[in-house]
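**Q** Below, each chain spelled out in residue letters.
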Amino acid sequence: MTVTNEILDSLLPLLEPDGPELHLNAAILEVAEPAQLAELAVDPRIRRYLLARLSDTVALVDPGHARDMESALLNAGHTPKVLTGDWE
Amino acid sequence: MKLGHVLQSSLRENVKLDGFRFDELKRAARFWVGKEAGSYNKENCIAALTRVMNGDDAARRVQAALSEKERQVLAIFTRYGPTVSGGLLTAEIYARGLAETPPKHEGSGGYYSAYHEWRRNDVVRGLCEKLVLAGNSYDSYYSSSYTHSYPRLTLHPALLKAVAPAAPLSWSASSVCDEAVGTGCRSSAEVVLDLWRVAAALRGMGTWPTVKGDSPSKATRARMRKEVGLRDAEKDPLSPPDPESLFYELLHGMGLMNFGDKSQWIREEALERHLQQPPAMQAWHWVRAWLHLPLWQDGIGVVPERDSDYASVRIEPGKLHLARELLSWALCGVAHTSNRWLDLEAFLRDLWQATQEASIDFYWGSFAWNPEFEMARKKEQYPAGEKRTLAFWFACEAVWAANAIMVTLVTLGLVERGHTADKKIRPCFRLTELGRIVFGAPEVEAAPKPADARFLTVQPNLEVVAYLESADARQIFTLTRFAAGASPASGPVQTFALGRASLYGALESGMTLDEVRAFLTKHGKTELPANVDRMLSEWAGRRESLVLRTKVALALGAAETRTRGRTLNSNAFLLPSLTVKIAAKEFGGWTILDHEDKLERTWTTDELGSLTTNGGHSISRLRLARIADRMATGWQITQQSIGRARISGMTADQILGWLGENLTAEVPGLLEVAVRNGTSRQGIELSQVQLLRITQAQAKEALLYSAAFRPLLAGHIPPEWFLIRDDHLSELRGLLERLGFTIADSLNPPPLRAVQNPTKDSPAAILRIRSDPERRRGP
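Keeping their order, the protein sequence lines are chains W and V.
Adding 1346 to a residue's 1-based position in the first sequence gives its number in the working numbering.
Counted from 1, the second sequence has number 245 at position 256 by the working numbering; the numbering is strictly sequential.
Since the hints were derived computationally from the structure, they do not count as laboratory data.
Quick reminder that beta carbons are idealized off the backbone N, C-alpha and C, glycines included.
There may be inaccurate statements among the hints.
As a list, the in silico DSS-like pairs of lysine-lysine whose alpha-carbon atoms are at most 27 Å apart [to be verified]:
#1 V/Lys5 - V/Lys15
#2 V/Lys413 - V/Lys367
#3 V/Lys367 - W/Lys1427
#4 V/Lys31 - V/Lys119
#5 V/Lys413 - V/Lys308
#6 V/Lys540 - W/Lys1427
Partial list, computed: chain V residues near chain W (C-beta under 8 Å) [unchecked claim]:
#7 Arg538
#8 Ser607
#9 Met639
#10 Ala641
If you want the footprint, here are the derived chain W segments under chain V, 3+ residues with CB under 8 Å [to be verified]:
#11 1353 to 1367
#12 1373 to 1379
#13 1399 to 1407
#14 1423 to 1433
Whole structure, please, built from the sequences with the hints as guidance.
**A** Next up, the structure:
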């Protein structure tokens, strides 16, 4: 396990539901590198809206806070590409 | 895109035949149907007129029956109409020589017969009687009774194609200037930039305080002034007063604002559509909006949406509209003559002559710029008569017209101003190319311009210097999408700054990096500096590396159930969006969570934060793990768990929000206090004290105000408790005994009764408890 993974595990546990779940109208944050996700997860302004990790580069946003997440990213100096309904 | 006439009106009036008298209907029926209508009764007249007017050959029938003069009047309607305002119709009729000048009332006995003769020969009146032209009877009454101006009239729809539109009139100027000096005009790009900046400032506000008429309030105007800062009349009398409000009202007039309960009053898409139109089309809409602006007046600025009989607060909007219309009509004529410099004073005298019967007539005393016309200065010297009337007109209405031409229309890029080169300096003007196209439409058309004008220079310091005179308005709009204005400024050369935020805004609005690069390369006078190109790529790359996807469907379960999706990990898949109905059908047996819906409430807690959950989904468990500690029997919210949540960025309100969304009952008050204490601790004090209780009112008051007791008391808890200083307890006891009090050695306060928790911190509820009479009285 790399240092980045360790940090990620401590900050954003991998989402492992007890049974099969389908989440509709969910918001996720996707980055290019695991280190980038770790960087975002250590920032309390961003972390407060992240619930869990879906992979090393994808995190689930707390329901109802997609707009807050967008504002928090912009306020923290990030320039996220915002896509609606796009999954590919 | 071909422009229509700038004064064209598409308004249509419906002719209601049953509103006419029998003799009127009979006269019209004879014209439309033929001589046989002479024997019809009223009902037959209406039926025959309805049939003929709606018939296919109505135009042919009527055309044959019209005189040449009548056809010329109809041609005015097909040029400007189907509806033509009274002022415009009057000016046109006299300018085209279709009516005699009305007889002057000079007290002679023959005036009334001359007047009736003039009325009888009036071609417009004749067409109204034939129901070829129709108008509002209210307008007709007032126009015919008090002035020689015609009312607003509409051509019968059956005749719209019966006559070809009248040819444009050219302006016959009594004086032209050979040359002008000190000239100045604005490009359409400069105007677009001003309009865009005001719109951007308003967009930044979202909504803003307004006053009557949706006009900006004083505070809004001050904010626009601060953020946009256009040059105004206070700094330069040849700049408009309240220039930001001029552009505000233009945006309003063009329907680019939508006042309501929305969070954004600027209609973003409509604004973008407007700014992407050809410059002449945009300017054509500015003039159309300006014609009707009641709350920003030329040479005056912002005016209130009210009138006063005692003190003028604005030019009466109807009169101002007529004045703007007649001035525009004159400028339409100017657009159809050679592009010579016109002496302003001579032009206004010509305007007065040409519109005497329609009459630009109002009163206003003070304008931002006063050209001090020669006739106006000498107005009192003229004897009663036409010259004196004109001189007074030059002191008021002409000053308004001067402000409209030399300030407002210059600001909108339609007029170029200057002054004569001879010794006697006089203001003069001519239409800009844009002005000729707008006022000369539909005959004068814009010449095609190369789309790749090189009007900017990108500097290595990421600044873009734009030369607006060479730019197309649309190109400036595109530039503003990805480069921010470096500072509030106006002028033909302006500086923009490329930045990460501005590029991000453009990319988020749908532009691509390649489009930005191509634009800067295509319109750049020099090559795009390599470092700028690198920065643009880097900024765009950063955006690509961080994606926030909203409204996606996530399947967290066994892989074989997925038909189509993107794998995030062995147990998580991103799917195309699904409706709840389809999801329920395709994912039978799965827990379905709609993030836009309310979550199932499965938590219960006591006021000390001991929390249990009845089943629940992953969101519920993840949230619990963030704010509570796992215990053998369930979960416990502790100061440590709240502290941990706080370190991860959560606020008390966010934690309470989660509790509120997941608990089956309300959040207990004590738990709320504990959560808030966990994020910002409240200080309290606790220690042992000596208490004295006196219930008898007179004794209590005496003790409270006694100089002998004051040093012994540490405090008073109304209504009957006193705190005693520890070191003065025996001294107090002695004093009380000396005064005859019987002192009990112990206090037996009644047990605290259960009190229902009032609605959260409601002052009214707290007051209710404090004033509870039983508690006040005590046991």
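**Q** Are the hints correct? Go through all of them and say.
**A** Hints versus structure:
Between V/Lys5 and V/Lys15 the CA atoms are separated by roughly 15 Å; this keeps the pair inside 27 Å, and the hint holds. Proposed proximity of V/Lys413 and V/Lys367 is supported: the alpha carbons are some 17 Å apart, at most 27 Å. Distance hint between V/Lys367 and W/Lys1427 is unfulfilled; the C-alpha atoms sit about 69 Å from each other, more than 27 Å. Under the criterion of a C-alpha separation no larger than 27 Å, the hint pairing V/Lys31 with V/Lys119 is consistent with the structure, at around 15 Å.
For the suggested pair V/Lys413 and V/Lys308, the alpha carbons sit about 33 Å apart, so the restraint of at most 27 Å is broken. With a C-alpha separation of about 14 Å, the suggested pairing of V/Lys540 with W/Lys1427 holds against the 27 Å cut-off. About 5 Å separates the beta-carbon of V/Arg538 from the nearest beta-carbon of chain W, less than 8 Å, and the hint is met. Interface hint at V/Ser607: satisfied, since its Cβ lies 4 Å from the closest Cβ of chain W, which is below the 8 Å cut-off.
Interface hint at V/Met639: satisfied, since its Cβ lies 5 Å from the closest Cβ of chain W, which is below the 8 Å cut-off. Using the Cβ-Cβ criterion of 8 Å, the hint placing V/Ala641 at the interface with chain W is not satisfied: the shortest such distance is roughly 12 Å. Residues of the segment 1353 to 1367 of chain W with a Cβ under 8 Å from some Cβ of chain V number 10, which satisfies the need for three, so the listed coverage holds. Proximity of the segment 1373 to 1379 of chain W to chain V, defined as three or more residues with a beta carbon under 8 Å from a beta carbon of that chain, is established by the 7 residues found.
With 5 residues having a beta carbon nearer than 8 Å to a beta carbon of chain V, the segment 1399 to 1407 of chain W meets the requirement of three or more and the stated coverage holds. Here's how the segment 1423 to 1433 of chain W fares: 10 of its residues keep a CB closer than 8 Å to some CB of chain V, so the rule of at least three is met and the hint holds.
Violated hints for the displayed structure, listed by number in ascending order: 3, 5 and 10.
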